[in-house]
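Spelled out from the first residue to the last, the chains are:
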Amino acid sequence: MNAPEQTLEAREAALAGMGQSRLRKEDARFIQGKGNYVDDIKMPNMLHMDIVRSPFAHARIKKINKEAALAIPGVYAVLTADDLKPLKLHWMPTLAGDVAAVLADEKVHFQMQEVAIVIADDRYIAADAVEAVEIEYEELPVVMDPYAALKPDAPVVREDLAGKTSGAHGARDHHNHIFTWDAGDKAGTDAAFANAAITVKQHILYPRVHPCPLETCGCVASFDPVRGELTTYMTSQAPHIVRTVVSLLSGIPESKVRIVSPDIGGGFGNKVGIYPGYVCAIVASIVLGRPVKWIEDRIENISSTAFARDYHMDGEIAATPDGKITALRVNVIADHGAFDACADPTKFPAGLFHICSGSYDIPVAFASVKGVYTNKAPGGVAYRCSFRVTEAVYLIERMVDVLAQKLNMDKAEIRAKNFIRKEQFPYTSAFGFEYDSGDYHTALQKVLDAMDYKGLRAEQAAKRADPNSPTLMGIGLVSFTEVVGAGPSKMCDILGVGMFDSCEIRIHPTGSAIARMGTITQGQGHQTTYAQIIATELGIPSENIQVEEGDTSTAPYGLGTYGSRSTPVAGAAIALAARKIHAKARKIAAHMLEVGENDLDWEVDRFKVKGDDSRYKTMVDISWQAYHQPPAGLEPGLEAVHYYDPPNFTYPFGIYLCVVDIDRGTGETKIRRFYALDDCGTRINPMIIEGQIHGGLTEGFAVAMAQQMPFDAQGNLLGNTLMDYFLPTAVETPHWETDFTVTPSPHHPIGAKGVAESPHVGSIPTFTSAMVDAFSHLGVTHMDMPHNAFRVWKELKARGVAL
Amino acid sequence: MEVKLDKNYPLDVDVARAWATLRDIKAVAGCMPGAAITEEISAMSYKGAVKVKVGPVAAQFGGTLDILELDEASRKMSLRGKGADKGGSSASMDLVATIVPDAADPNKSTLHGEAAVIVNGKFAQFGGRMMVQVSDMVLDQFADNFRAAASALSAPAGVATAASPTMANSVSAAPVTPKDSDSINGLAIFWALIKRWFRGLFRQQH
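Chains as they are written, first to last, in this note's numbering: chain A, 77 to 879; chain B, 244 to 449.
Please keep in mind that the hints were generated in silico from the structure rather than gathered at the bench. Each hint should be verified, as a subset may be incorrect.
As the list claims (entries may be wrong) - Here are the simulated BS3-like cross-link-like pairs (lysine-lysine), alpha carbons at most 25 Å apart as the crow flies:
| # | chain 1 | residue 1 | chain 2 | residue 2 |
| --- | --- | --- | --- | --- |
| 1 | A | K400 | A | K566 |
| 2 | B | K290 | A | K138 |
| 3 | B | K294 | B | K247 |
| 4 | B | K294 | A | K138 |
Produce the complete structure using the sequences and hints provided.
Printed below as a string of C-alpha cells:
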C-alpha cells in the first residue's frame, strides 16, 4: 500500500509546512471577486437599515418627527431611543466598563452619533427616509480638547454619569474624567529624577487616526421567530465574544445565537467593538421577523466607528552624563471621546501602554494615564497593534532620540548602550513585563552594516555644510519591542472571559483534515499559515487541510484576532491540538506495526520502527486505521480540541532605519530608503510575513506622513472622506527593504511570536525620527505628526531654511 | 467651523445713499443672494430665510436677524444672524458694516464689512474647505446687488450730481431684483471659483 519511496526533502516539500513560502489559499477567490463579504449576503425578504446621525457634536434633542419618513412608500419603521427604552436597549455596555448610547437618548455627544434608524425595502428608500426624519436640536457648548475638558467649568459631556465619583477603573475627580491608571514605581522614579545628572522632557502628541479598513462595518441580522434563533453575519474580529454579548443583551440563549464573520476586508482593530448599528439591526430583525442588512458608508465608518490613538504624552528621561538611562516618567492625557469604548483587556484601561520602557534596561519607571471624555466619537482601539503599544513605542523611541540629542550622542550608540543584553533574558522590566527572548545588539549591527550607517551620516554632514543643498537629509532609527499575544488569562480578560484561544482538528478517515479556530482572519492568511503548522506537526500536506473560522456554531470558543494574538495564542492551540492527535496516532501506529510506542521514531510524515526504514505507517495509514479498526481500548476517530491559555505574552522586536530627503522649497518628503529588520521568532511562512510587513509599513507611512482627523472648534470633523483622509496606494508608497533575525520564543510551542503589527508599531516613530533628524542641527527635538508637506514647509520657514 | 471676513467694497454712490441702503434691513437682505426677510418682529428684529446649495449639500436656513447697533453718526450697523436648517446645519454671523466716505470724491464711498461666520453640522463637514471661497463669491454678488440698489436711490441734496433734492433718510430703498434671486447657485459659484483660480495662477506667474 505504501507509495513509491521519495527523498526526505521531497516529502518535506510535499507537506508545504512551516518555513515554506506557500502561496495564499485565500487569494484565488479574492482576485477573482469570489470572496463572500457581508455585503455579498442576500437573504429572502431582507430589509435594509440606514441611520439618522447627529450633525452636531453636542446638542439636546428637542423633538423628533418621523411622520414624513414613515409616509415614504417602502419604509417599515423609524426607531429612536424612546422605542428602545422599553427593551432597555437604548444604552449598551462597552468593553471598557462604560455604557454607550445605542441611539442618542435626549442628547447627542458627538457629530455623526446615531440618533434614529430607518428600515426600508431597499437602501435607496432607506437613505431618502433618513433625510426625511426631522430633528430639532438645541446646540450645546462643545469640548474637543482633552485638556480643556478637565477645566472646572468645562461642558459636561456625560450627564448620565452625574454624581458618579467612581467608574470601572477607580475614582473620578471631574465630570469629564474617566479614570487614572498608574503603572510602575512612582516614589522610586521621582527619587531617581531628583538625583539625576541629566534629564530631558518632551511633549509628544500621538494624533487621532482611524484604522479605515477597505471594507466598512456592517451586518445582516436574521431572527427566525418560529425557531427563536438569531443568526447574524457580521464584520467582527471577535465573533464569539459578540455572541456572548448578544445573548446577554437580548436574553436569547447563547445556543440559539449564531454569529458568522464571513470574509473580512481588513479590520485593524476597527472591527473589534460592538456598534449601535449591529444592535439596531438585530433589534429590527427581532421586531419585524425579517432579515435586516446594515452596511456603513465610508463617511460613517471614519466618523463614528472606532478611532485609534489620541494620546497626549509628556515623557521624561533621567540619565547619566554618558547616556545610560536611569529612569523613565510618563504622563498621558488620553482622549477617549464621548464614551469609553476602548477594546482593552478588562484590567488595563490603557492597554499595555506600560511596555513603554521599550528595548532598554531601565531600572525604574512610572507611567500615569488619565482618560478623558470629549465630544468626539468613541474608540481608542488597537489599530494594527497590541493594545496601546504603538503609543508606548512612539513615546520611548522619541524620548531616547531627545536624550541622544541633548547629550550629542549618536542614535545608534545610545540605543546599544541601553539595550537589554541577550544574556539578560528572560528579563523583567521596571513595569513588570517578563520579556521572553531577544537579541537586540545583533539585529542593530546587521541593519547599520546593511545600510552603511556611517556613510549616511557622512553624506548628511556634507549636505548640511552646503547652504545650497536643495534638500534636508534625515536618518531615522528605531529599535522597538512589542508585547503581543494577549494573553495569560490570569492577567487578561474581556468581559470576564479569559483571553485564551482554541483549535479543533479532525482528521478524516482518508487522512485529510479540517481545523476550526476561535480566531478570524481579516487578511492575515490564516487559512494558509494555520494549515502549515498542522502539516509540520502531523505530516499531512497543507493542501489537504481546510481551515475554518468565524462561525460560532461550528468553531470552538475563542477571543478572536487582534493584537497580533492569532499566532502566539491560536497558533499554539493548533500545535498542541495537533500534538494530542500525534500522541494518539503513535499508539495506533505502534499497534499496526506491532511494536511498542517507544520503538517508533517520527519522521516528517510517518512513524517508523527504529532502525528499520522499511517499516513505517504514514498519517494516511493511521487515519484509516483510527476509523476502521482502532486498537482495543482506544476510542475510534482521530480528533482533538485544545484551549491554549498562554503562560506569557510574546515580545517580537525589530530595528528600522529610514532615510528621508526633504525638499526645502516645497516641504515634500521623499522616503529614500526604508530598511525593516524584524524578529518574530519562528517564521511560519516567509512570504506572508513579508506581505504583512509591507502592509504594516504602508499603514505606518500613512499615519506618520499624512493621516489626520481634523476637528474644528465646534466639533465638526473636517476630513471624513477618502478625499481628505489619506490611504496610500502603490503611487505614494515607498519601496520597502526587509530583513530578519530569528530569536524563538522559549515558552511558545513552536517558538513563534506574531508579526503583522510590528511594522506599524515600529515604522511610525522611524518616520518621525527621520523627519526630526533632518532638522536636528537646527535645534529641533520633536515634530508632531502628520509630516505632510504643508506642516513641514511651515517648519522649514520657521527655522529659516526654506528655499 | 469659523470663518472671519474683512472686506472693503468700493461704491460709486455717495455716503448718504449708501448708508440709506445699508440701514434698510429689508433692502440689505434683498441684496443677499437667496436671502429674504420673512417677518418683521420689530424695527430691530426680523425673521428671515436663506437658501444655499453648495456641492452635495442643500440647505434652507430659517432664523433670526437682530440689529444690535445702528449708529447714524458713524454710519455703522452691527447685526447678528442665526439660523438652522432642518437637514442638520446651523449658522451664525456677527457682522459690523460701515459706510466709509471717500476723502477724495464725495460721490464715492466704501462699504466696509467685518464678519465672523460660524457654520456647523453638514455644511461644515462637507463644505468646509470651500467656505472662504464661497463666502467671497457670495459677498461679491451681494456687493454688486448693493451697488445697484444704492445707485437706484435718488441722490440726496447737496451733492453736485443730484437730480432731485430728496432727503436721504426719508427714502425707502427699493432694491433692484437680485440677479440670483432663488438661491445661491452652486454651479455659478463653481465656475466663478475656477475662473478665479486660473486668474490666480496667471497672477503668480507674472
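Hints numbered earlier in the text: which of these fail when held up against the supplied structure? Number 1 only.
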